[in-house]
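Trainee: Chain by chain, the residues:
There are 2 protein chains.
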Amino acid sequence: MSEKSKISMAVIRRLPKYHRYLKELLDRDINRISSKELSDIIGFTASQIRQDLNNFGGFGQQGYGYNVEELFYEIGKILGLHKTYKTIIVGAGNLGQALANYTNFDKVGFQVKALFDINPKLFGIKIRDIEIKDMDYVEEFIKTNNIDIAILCTNKESAQEVANKLIAGGIKAIWNFAPTDLKVSNDVTVENVHLVESLLTLTYLYKSRDE
Amino acid sequence: MSEKSKISMAVIRRLPKYHRYLKELLDRDINRISSKELSDIIGFTASQIRQDLNNFGGFGQQGYGYNVEELFYEIGKILGLHKTYKTIIVGAGNLGQALANYTNFDKVGFQVKALFDINPKLFGIKIRDIEIKDMDYVEEFIKTNNIDIAILCTNKESAQEVANKLIAGGIKAIWNFAPTDLKVSNDVTVENVHLVESLLTLTYLYKSRDE
Numbered sequence: 011m012s013e014k015s016k017i018s019m020a021v022i023r024r025l026p027k028y029h030r031y032l033k034e035l036l037d038r039d040i041n042r043i044s045s046k047e048l049s050d051i052i053g054f055t056a057s058q059i060r061q062d063l064n065n066f067g068g069f070g071q072q073g074y075g076y077n078v079e080e081l082f083y084e085i086g087k088i089l090g091l092h093k094t095y096k097t098i099i100v101g102a103g104n105l106g107q108a109l110a111n112y113t114n115f116d117k118v119g120f121q122v123k124a125l126f127d128i129n130p131k132l133f134g135i136k137i138r139d140i141e142i143k144d145m146d147y148v149e150e151f152i153k154t155n156n157i158d159i160a161i162l163c164t165n166k167e168s169a170q171e172v173a174n175k176l177i178a179g180g181i182k183a184i185w186n187f188a189p190t191d192l193k194v195s196n197d198v199t200v201e202n203v204h205l206v207e208s209l210l211t212l213t214y215l216y217k218s219r220d221e
Numbered sequence: 011m012s013e014k015s016k017i018s019m020a021v022i023r024r025l026p027k028y029h030r031y032l033k034e035l036l037d038r039d040i041n042r043i044s045s046k047e048l049s050d051i052i053g054f055t056a057s058q059i060r061q062d063l064n065n066f067g068g069f070g071q072q073g074y075g076y077n078v079e080e081l082f083y084e085i086g087k088i089l090g091l092h093k094t095y096k097t098i099i100v101g102a103g104n105l106g107q108a109l110a111n112y113t114n115f116d117k118v119g120f121q122v123k124a125l126f127d128i129n130p131k132l133f134g135i136k137i138r139d140i141e142i143k144d145m146d147y148v149e150e151f152i153k154t155n156n157i158d159i160a161i162l163c164t165n166k167e168s169a170q171e172v173a174n175k176l177i178a179g180g181i182k183a184i185w186n187f188a189p190t191d192l193k194v195s196n197d198v199t200v201e202n203v204h205l206v207e208s209l210l211t212l213t214y215l216y217k218s219r220d221e
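Chains as they are written, first to last, in the working numbering: chain A, 11 to 221; chain B, 11 to 221.
For the record, the hints were derived by calculation from the structure and aren't laboratory data.
Note that this is a predicted model, so its numbers are computed, not measured.
Even for Gly, the Cβ is constructed at its ideal location relative to N, Cα and C.
Among the clues, some could well be false.
[Stated by the list, open to error] Derived pair list, reagent style DSSO-like, types lysine-lysine, alpha-carbon separation capped at 27 Å:
hint : chain 1 : residue 1 : chain 2 : residue 2
1    : B       : Lys27     : A       : Lys193
2    : B       : Lys175    : A       : Lys27
3    : A       : Lys46     : B       : Lys27
4    : A       : Lys153    : A       : Lys175
[To be verified] Heads up, incomplete: computed chain B residues facing chain A, CB under 10 Å, no partners named:
hint : residue
5    : Asn111
6    : Gln121
7    : Lys131
8    : Phe133
9    : Ile135
10   : Phe151
11   : Val200
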């Protein structure tokens, strides 16, 4: 592991946001920006921005600011966006199918190679040219196609069992939409999107407003 | 505002997870649990658990532990789950339709009353009895039906304009799936689900593993 492993998750979680805002600046032909100006549009303090970006060698220059294109490129590289990733979606219900349809992932280099499900009625159906296949063949498919990332969209009950299968096939990164916490070994990375938890946070804040 | 406003977002974000695990304990007929045992299953330290729950008056008793049912009920109340919320989904593309189909929200008291879109071809189509309606009537619908929460699933480009419309209609809570940060006044609560940012975090961690 490199020194990157010492960077806190809080910083890492801010990087995609930097990346998104820098893209917007580039689209508007803005090529140079100070930490103060970046602070105004992104909402973090200028001092936080300087600190965050220092973690990665610091791309700013005193009195000049940041070169937007360079910073955009470097953060993209840090995030691993200079290459493409092969993914599969496991669980082809509504959410799985919606994610297969979500073209924003293509734009950042994610290729969905197949969907998998246990329901025979779904086998062979295509979502944007992506075929729904029989879960029985998922391990084989992962190995043959060198799949990098699995997007887990099963229900809570089968999530762990399915995850074990994916890992047995060689998967090292799971994007987990099932409302449960997966138990995996240290060499497997899991990123959770727990939608109900996010919704409950909103309810709490909404409700507390009036109290 | 009550003293709840002083509770940190970090604590608030952990509450839905407590709620989810307590539900699992109840389903397994476990009625009493120590902070140590809760720590083993939920993954936070016992001291963190005691500290978190103290924020809300502390429901534990020295030498007895927590009453699972009581704690589940109290956290649910804190999260606002003792009542139901009326929601609309704005943007009836793939993601909006998938969320309309996602029955897990019903279970925690969220009723989706309608979807809205600008595409006339979608008007009148029903997803699980929930009708897609003309965006032109969204403000009126919010007022007439006392909608609490709007789920925003438009593209990035129209998100802010649509949010302004929702707020003009009286919406005070937005669950935002559009990949942009909304500018709203202080009395409006926004909770973001930025899917691409979550995916980029996963890529970063996956990529860093091998470095």
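Trainee: Does each hint hold? Answer for all of them.
Mentor: Hints, one by one, checked against the model:
no., hint, result
1, B/Lys27 x A/Lys193, "holds, 15 Å"
2, B/Lys175 x A/Lys27, "holds, 25 Å"
3, A/Lys46 x B/Lys27, "violated, 37 Å"
4, A/Lys153 x A/Lys175, "holds, 12 Å"
5, Asn111, "holds, 4 Å"
6, Gln121, "violated, 13 Å"
7, Lys131, "violated, 16 Å"
8, Phe133, "violated, 20 Å"
9, Ile135, "violated, 15 Å"
10, Phe151, "violated, 19 Å"
11, Val200, "holds, 8 Å"
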